[in-house]
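A.B. asks: For reference, the chains in residue letters:
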Amino acid sequence: MATLALDGRDGRGTGDGGEPGRTRVPASRRALQQVLRTSPLLPAVVLLALFLLGPIVYSLYGSLTNASLTGPRAANPEFIGLDNYAQLFDNPQFWKSLVLTLVFVIASALIGQNVLGMALALLLKTAHGPVRAFVSTIVVVAWVLPEIVAAFALYAFFASDGTLNIILGWFGMEGRAWLVVAPMVSVIIANVWRGTAFSMMVYSAALAEVPPEITEAAEIDGASGWQRFTRITIPMIRRSISTNLMLTTLQTLGVFTLIWVMTAGGPGVESSTLPVLAYQEAFKFSQVGYGTAIATVTLILGGLFAIVYIKALKPEVD
Amino acid sequence: MTQATPDAETLGLGASPERGAPRASRGGAGAALASPRRRNSKIAATVVLLAIAVAFIIPLGWILLAAFDSAATVSVKLPTSVTLDNFTQIMNVDTTFRPLGNSFIISMGTAVITVLCSVLAAYPLSRYAMRWRKPFLYGILFGTCLPITAMMVPVYALFVAFGLLDNLWGTVLFLAATSLPMAIWMTKNFMDSIPISLEEAAWVDGASAMTALWRIVVPLMRPGIAVVFIFVFTQAWGNFFVPFVLLFSESSQPAAVAIFGFFGTYGTISYGRLAAFSILYSVPVLALYLLVQRLSGSSFAMAGAVKG
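Going line by line, the protein sequences match chains B and F. So the first sequence is numbered by full-length UniProt numbering: it starts at 1 and just counts up by one. So the second sequence is numbered by full-length UniProt numbering: it starts at 1 and just counts up by one.
In case anyone wonders, no lab produced these hints; they're calculated from the structure. Backbone N, C-alpha and C define an ideal beta-carbon position, used for all residues, glycine too. Hints may contain errors.
Mimicking DSSO-like on lysine-lysine, the simulated pairs with C-alpha atoms at most 27 Å apart in a straight line are [to be verified]:
id: 1; chain 1: B; residue 1: K311; chain 2: F; residue 2: K134
id: 2; chain 1: B; residue 1: K96; chain 2: B; residue 2: K284
id: 3; chain 1: B; residue 1: K125; chain 2: F; residue 2: K134
Here are some of the chain F residues that sit facing chain B, going by a computed Cβ distance under 8 Å [as the list claims (entries may be wrong)]:
id: 4; residue: V48
id: 5; residue: I52
id: 6; residue: I58
id: 7; residue: T73
id: 8; residue: A121
id: 9; residue: Y123
id: 10; residue: V153
id: 11; residue: V155
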């Protein structure tokens with residue numbers, strides 16, 4: 001908790017601008033002092049303004065132009081108002097992509113990573129020591145690996161002559177070209193495989209802070225394991241749960257590499273989430289303005305999630 | 001039995017073996033181990049965990065096995081003949097060393113710039129009360145949430161306008177900016193735990209704030225800075241999408257993009273070499289992860305940012 005305490009340090013330092021031992025400072029000096037004190041922020045603020053705030057503002061503006069990658073419209077894009085958005089909202093492909101994005105985020109992050117992460121955290125609590133170390137290491141390695149390597153590993157797993165089909169063959173089941181037949185299922189499982197470690201670590205840390213006396217007392221009073229989990233453990237770690245839900249949501253919203261390597265958004269647009277669609281429109285079809293509009297929608301979506309996240313954290317922040 | 005009163009429990013009346021377990025575990029871990037129900041659930045947990053572990057190992061196993069297989073395919077199998085050929089074939093400047101070198105330059109540059117900027121920025125945020133400190137910190141928190149992949153189209157357009165396309169340092173500056181929000185949060189939290197009284201002593205002796213920062217605060221928070229540094233370095237090392245969009249000449253592409261070339265451009269994919277390259281590319285971040293665990297306890301760098 002202490003780490004998110006925005007105001008935890010207000011009492012310390014030199015609150016009203018005077019240094020200890022120097023009570024009266026002329027106004028002009030104080031202004032100078034303020035500037036001097038905040039000046040270390042400058043490099044960070046410049047970088048953030050140029051490369052983070054800049055693109056966001058540009059994204060809002062660029063989506064109102066017909067900019068393209070090449071040709072005359074690359075140098076002198078025209079302002080076309082909300083045409084890109086009108087075109088976007090008219091395009092069934094955009095709506096499909098939006099739905100795919102929501103499916104991807106809900107199935108792989110909100111459900112998959114969180115449920116499996118929680119299950120792993122609970123199981124790790126009861127398992128034997130060496131097993132615990134071994135399993136958590138394996139899960140974490142999947143998360144620490146560079147995203148593109150993880151994507152290759154899962155591509156190989158789901159490919160039509162890949163490992164999954166060989167295993168299914170042992171059980172007499174017929175293999176399929178999973179990346180073509182079920183691209184969304186494949187990338188959802190892939191994202192669960194890669195991202196679960198994060199939830200597992202967050203929940204393990206949270207569970208470790210639940211005082212064992214409380215669950216033991218409930219056990220003595222006759223509460224079943226499930227009752228103890230839903231009535232005591234979950235309410236006690238709900239803050240970690242909401243934080244983790246939001247973080248995994250936002251991470252998953254931005255997933256590009258995994259999908260691009262495994263399916264390239266295909267077949268057709270069957271697994272084109274918003275980041276993939278934006279990339280395709282902007283860089284493959286050279287519709288920068290249109291791609292920017294998609295990016296803007298994604299950013300707004302992320303912004304909405306972020307606001308919910310920050311609101312959910314607020315009790316911790318204040 | 002189902003409604004046994006606490007008194008009956010404490011007196012040990014009518015306690016079934018399972019009922020005995022919790023009290024035993026309060027008494028001592030050795031007693032809890034002896035309880036049959038605890039042992040059964042422990043065995044069940046172990047079995048389920050091992051099953052999950054197998055599901056996680058299989059894709060990882062493919063990389064390891066294929067790298068040493070002279071005839072690797074996409075499926076997991078024991079190598080027909082174990083060989084180091086895949087590694088020796090890619091051990092040249094164009095395929096491996098230059099991309100890894102570029103990765104190193106990008107990650108190192110990003111991490112150095114990010115850590116310098118965030119230490120500087122964290123100092124006033126941690127030490128002084130400022131009117132707009134809270135909105136600024138909220139803005140930073142908001143910034144940590146932005147999906148960077150969604151920003152790449154406008155970033156590309158911006159890089160065209162700045163003339164920074166295919167420029168290694170432009171990419172480094174952008175990566176530094178994207179990792180700054182998280183890094184500032186983590187650094188500020190580490191800095192908050194350094195007592196201010198030490199600096200006050202230095203101020204009384206006439207040291208400036210910057211002197212106090214570099215001479216007193218930074219040395220004290222070295223492990224925290226190392227955690228932030230490794231965290232940023234690892235993220236930049238693994239980033240594929242940003243260099244994929246912003247860097248296109250082969251001479252400046254990092255390993256993440258070079259490896260995609262293995263996969264995409266050559267007609268038939270040499271899975272063995274792909275896997276071998278994957279290992280060379282992954283080992284540094286795995287090693288750094290182990291280091292960061294040493295430095296920050298077991299809960300990884302997130303501890304500084306997400307949970308306290």
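A.B. asks: Are the hints correct? Go through all of them and say.
C.D. replies: Consistency of the hints with the structure:
1. The straight-line distance between the Cα atoms of K311 of chain B and K134 of chain F is roughly 14 Å, inside the 27 Å bound, and the hint therefore holds.
2. At roughly 19 Å between alpha-carbon atoms, K96 of chain B and K284 of chain B fall within 27 Å of each other, so this suggested pair holds.
3. With a CA separation close to 38 Å, the supplied pair K125 of chain B and K134 of chain F exceeds the 27 Å bound.
4. Given hint, V48 of chain F at the interface with chain B, holds; its Cβ is 6 Å from that chain's nearest Cβ, closer than 8 Å.
5. Look at I52 of chain F: its Cβ gets to within about 7 Å of chain B, closer than 8 Å, so that hint holds up.
6. Proximity of I58 of chain F to chain B holds as hinted, the smallest CB-CB distance being about 6 Å (cut-off 8 Å).
7. Interface restraint check for T73 of chain F: the shortest CB-CB distance to chain B comes to about 7 Å, inside 8 Å, so the restraint holds.
8. For A121 of chain F, the interface hint holds, the least distance from its beta-carbon to any beta-carbon of chain B being 4 Å, beneath 8 Å.
9. A cut of 8 Å between beta carbons decides the hint on Y123 of chain F: the least distance to chain B is about 5 Å, and the hint holds.
10. At about 4 Å, the closest approach between the beta carbon of V153 of chain F and any beta carbon in chain B falls short of 8 Å, and the interface hint on this residue holds.
11. Nearest Cβ of chain B to the Cβ of V155 of chain F: about 5 Å, under the 8 Å cut. The hint holds.
Figure legend: structure checked against the earlier numbered hints; the only hint not met is number 3.
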